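Whenever a hint applies, use it, and build me the whole structure from the sequences.
Letter by letter, the chains look like this.
4 protein chains.
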Amino acid sequence: MRKRYCYSLEMEVRDYELDTEAIVNNANYLHYMEHTRHKFCADAGIPFIDLHNAGIDAVVRKIDIEYIESLHSGEKFTSALSLERKGPRFIFHQDIINAEGRIVTTACVTCVMLRDGKLSRGEEVAQLFKRFL
Amino acid sequence: MRKRYCYSLEMEVRDYELDTEAIVNNANYLHYMEHTRHKFCADAGIPFIDLHNAGIDAVVRKIDIEYIESLHSGEKFTSALSLERKGPRFIFHQDIINAEGRIVTTACVTCVMLRDGKLSRGEEVAQLFKRFL
Amino acid sequence: MRKRYCYSLEMEVRDYELDTEAIVNNANYLHYMEHTRHKFCADAGIPFIDLHNAGIDAVVRKIDIEYIESLHSGEKFTSALSLERKGPRFIFHQDIINAEGRIVTTACVTCVMLRDGKLSRGEEVAQLFKRFL
Amino acid sequence: MRKRYCYSLEMEVRDYELDTEAIVNNANYLHYMEHTRHKFCADAGIPFIDLHNAGIDAVVRKIDIEYIESLHSGEKFTSALSLERKGPRFIFHQDIINAEGRIVTTACVTCVMLRDGKLSRGEEVAQLFKRFL
Numbered sequence: 001m002r003k004r005y006c007y008s009l010e011m012e013v014r015d016y017e018l019d020t021e022a023i024v025n026n027a028n029y030l031h032y033m034e035h036t037r038h039k040f041c042a043d044a045g046i047p048f049i050d051l052h053n054a055g056i057d058a059v060v061r062k063i064d065i066e067y068i069e070s071l072h073s074g075e076k077f078t079s080a081l082s083l084e085r086k087g088p089r090f091i092f093h094q095d096i097i098n099a100e101g102r103i104v105t106t107a108c109v110t111c112v113m114l115r116d117g118k119l120s121r122g123e124e125v126a127q128l129f130k131r132f133l
Numbered sequence: 001m002r003k004r005y006c007y008s009l010e011m012e013v014r015d016y017e018l019d020t021e022a023i024v025n026n027a028n029y030l031h032y033m034e035h036t037r038h039k040f041c042a043d044a045g046i047p048f049i050d051l052h053n054a055g056i057d058a059v060v061r062k063i064d065i066e067y068i069e070s071l072h073s074g075e076k077f078t079s080a081l082s083l084e085r086k087g088p089r090f091i092f093h094q095d096i097i098n099a100e101g102r103i104v105t106t107a108c109v110t111c112v113m114l115r116d117g118k119l120s121r122g123e124e125v126a127q128l129f130k131r132f133l
Numbered sequence: 001m002r003k004r005y006c007y008s009l010e011m012e013v014r015d016y017e018l019d020t021e022a023i024v025n026n027a028n029y030l031h032y033m034e035h036t037r038h039k040f041c042a043d044a045g046i047p048f049i050d051l052h053n054a055g056i057d058a059v060v061r062k063i064d065i066e067y068i069e070s071l072h073s074g075e076k077f078t079s080a081l082s083l084e085r086k087g088p089r090f091i092f093h094q095d096i097i098n099a100e101g102r103i104v105t106t107a108c109v110t111c112v113m114l115r116d117g118k119l120s121r122g123e124e125v126a127q128l129f130k131r132f133l
Numbered sequence: 001m002r003k004r005y006c007y008s009l010e011m012e013v014r015d016y017e018l019d020t021e022a023i024v025n026n027a028n029y030l031h032y033m034e035h036t037r038h039k040f041c042a043d044a045g046i047p048f049i050d051l052h053n054a055g056i057d058a059v060v061r062k063i064d065i066e067y068i069e070s071l072h073s074g075e076k077f078t079s080a081l082s083l084e085r086k087g088p089r090f091i092f093h094q095d096i097i098n099a100e101g102r103i104v105t106t107a108c109v110t111c112v113m114l115r116d117g118k119l120s121r122g123e124e125v126a127q128l129f130k131r132f133l
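Chains as they are written, first to last, in the numbering used here: chain U, 1 to 133; chain X, 1 to 133; chain R, 1 to 133; chain C, 1 to 133.
Check before you lean on any hint, since a few could be wrong.
The list treats identical chains as interchangeable, and a pair is accepted whether it falls inside one copy or across any two copies.
[Unchecked claim] Straight line, CA to CA, 30 Å or less: simulated DSS-like cross-link-like pairs of lysine-lysine: (1) Lys86 - Lys118; (2) Lys86 - Lys76; (3) Lys86 - Lys130; (4) Lys118 - Lys130; (5) Lys76 - Lys118; (6) Lys76 - Lys62; (7) Lys62 - Lys86.
Calculated from the structure, these hints are not laboratory results.
All of these numbers come straight from a predicted model, not from anything done at the bench.
Printed below as a string of structure tokens:
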């Protein structure tokens, strides 16, 4: 892994995630990546569900995702991310890396923070993540 | 609907598509859009599964998706698309439009055609869709 | 349809619900059936999400499901149900019927009602559904 | 774990599996259990996808599932199974056990083996699993 990631998670394809072409369906990569972001947050000390209960909802605004290669039945992979802040936007750079070390899917996921349903600057969340930014 | 779409489909949020924030989970929009592309293909006379059986697999290479507003329990919406061809790439411009007529999610979905696992120019598929291009 | 149903819904297989055997994955039938129950409740005048906001959560306790035939890409089907009450239990008898009129999947889904997290007799809910019982 | 299981797998709830009640949606337990069966088969030396390519499809005929307690965000759990054969039927007894050791979901999953689309006695598969039966 050439890039600098601040979090990574070992995962494995589950057969119910495959489609009739026997490759992982495109929507499931978003699931992998969401799970990775949530685990990252939980590890950083603040589970998403606690944020939600505290009135702060992280909402995905934009995803740019490239599918380079496919994942198949039983494949193990690494889901890795780094985090960048641009004003009120938190941008997760996320890669899915196969067992041979190739990036098979890469995405930029832009999140914003809503406080009681309204767009916030995300200062509390930025504080929590400052060591990763 | 201001834009020119070549296909649209009436759909409705299903509660299992919601997450704990009571909004449709981001991955499900890819499901809505995939279903719309497949229905469009079927209506244009060639189901995806037949293409697959004929050795041609349409593979998604890139998705740029913006989440503008959220969909909630029971909401009805329209999933619409237009199609553009750029060399070997088929680009679906896809919008999810709520009952008030606002675009709540918009995406560019870039597909390529594999013939027996190898990248093709997609000429057969382009022929099939020529009246939409 | 020989049986007496109190609600039915026209649906269609979506390709992302298929697995590598090109048949609908077993878990998706639970999605179809849940969606049908929720639509039934909404049509009966009380959306599940409103019940939830009122502190009443319908929770599934038991599902006995038989898979008789498979559904394939693009198939249209009818999802139908009838409702029975046994003490605190609400039992949905649910069938998935294909376009030829054959029952392809049949299930008994037993629900109970929690009020503020505790098991209730479900009297309010039974009132709402009394014309179906 | 009181019971005798022949296979178990450590898993963890992913937030996209939760519904608006913040508990794992009922259909996802079938996903957990399917993944466990497939991992068990792979570990026993024969991946499901290889069976499929060899013309043998394991098809789920019946699932009786009881939901005793709910799983929540971030919970770790064990998915365990034992296997029984009754004539042409392979019955998986599957439990989901939470971190405190309580069975939160229990199911009987009945599978049959199709060879080239027709019901078989499943002798080849029984051979493969004989040490577990």
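Structure-based check of each hint:
1. Lys86 - Lys118: within (18 Å within a copy, 39 Å between copies)
2. Lys86 - Lys76: Neither, since 33 Å and 34 Å both go past 30 Å.
3. Lys86 - Lys130: Within. Shortest intra-copy distance 13 Å satisfies the 30 Å Cα cut-off; inter-copy 42 Å does not.
4. Lys118 - Lys130: within (22 Å within a copy, 41 Å between copies)
5. Lys76 - Lys118: between (39 Å within a copy, 24 Å between copies)
6. Lys76 - Lys62: both (27 Å within a copy, 22 Å between copies)
7. Lys62 - Lys86: both (14 Å within a copy, 23 Å between copies)
Hint check: a violation occurs at hint 2 only; the rest are consistent with the structure.
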